[in-house]
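**Q** As you go down the protein sequences, you meet chains A and B in turn.
Just so you know, we're using this note's numbering here: the first sequence kicks off at 1 and counts up by one.
Just so you know, we're using this note's numbering here: the second sequence kicks off at 1 and counts up by one.
Just so you know, these hints were derived from the structure itself, not from any lab.
PhoX-like cross-link-like pairs, simulated, lysine-lysine; straight-line CA separation at most 25 Å:
1. A/Lys65 with B/Lys65
2. A/Lys31 with A/Lys65
3. B/Lys16 with B/Lys40
4. B/Lys40 with A/Lys65
5. A/Lys30 with A/Lys68
6. A/Lys65 with B/Lys68
7. A/Lys35 with A/Lys65
8. B/Lys68 with A/Lys40
9. B/Lys30 with B/Lys16
10. A/Lys65 with A/Lys30
11. B/Lys65 with A/Lys40
12. A/Lys68 with B/Lys68
13. A/Lys35 with B/Lys68
14. A/Lys68 with B/Lys35
15. A/Lys31 with A/Lys68
16. B/Lys65 with A/Lys68
Remember, it's a predicted structure, so these values are computed and weren't measured experimentally.
What follows is the residue order along each chain.
Number of protein chains: 2
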Amino acid sequence: MTDELADENVIYVGNKPPMSYVLAVVTEFKKDDAKDVVIKARGRAISRAVDTAEIVRNRFVTEAKVDKIEIGTESVTNDEGRTHNVSSIEIHLVIE
Amino acid sequence: MTDELADENVIYVGNKPPMSYVLAVVTEFKKDDAKDVVIKARGRAISRAVDTAEIVRNRFVTEAKVDKIEIGTESVTNDEGRTHNVSSIEIHLVIE
Chain A
1 MTDELADENV IYVGNKPPMS YVLAVVTEFK KDDAKDVVIK ARGRAISRAV
51 DTAEIVRNRF VTEAKVDKIE IGTESVTNDE GRTHNVSSIE IHLVIE
Chain B
1 MTDELADENV IYVGNKPPMS YVLAVVTEFK KDDAKDVVIK ARGRAISRAV
51 DTAEIVRNRF VTEAKVDKIE IGTESVTNDE GRTHNVSSIE IHLVIE
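Isolated chain A, as found in the complex (with noise of 0.2 Å):
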């Protein structure tokens, strides 16, 4: 359980400019010597999930491929305890 969570470099989207997404996704590529990286975003920042992939992938790591692409619903509870849904994804890059 602890390894496989270790083996899992995770980068979340958030709403900063892409480029610092890109700069962590590059950063963990390097560290350990990583074979793949997973972008996770949820909402509107799904767009910004997949520039960061686009652009790490054309620009600085050109060697890294897309593994898989991922997307599916989650439940989110607001400040007001209101749940509403939404759209998750999860891209995967590999260097082979």
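Let chain A serve as the given structure and place chain B on it in line with the hints.
**A** Using the frame of chain A, we list chain B on its own:
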């Protein structure tokens, strides 16, 4: 060639509310009993494309599955002749 193009049921997601595109995808599935529909979007509409796919498969066409998702980068030239890159997504939904 013509057959191949005719086989592709494509919905382009833009800036309308997600339910417009959900309706378009559902209609496409009903039409000629289509077994696959492709949802395409660029830039900020990418999040809405994911919402569309998720709403379709969770609420309207529950037998539909995500077959594959592809991301890419496209060059867009604006009215002033300037070129910039935008990310794109293609979500392939299938009924097996």
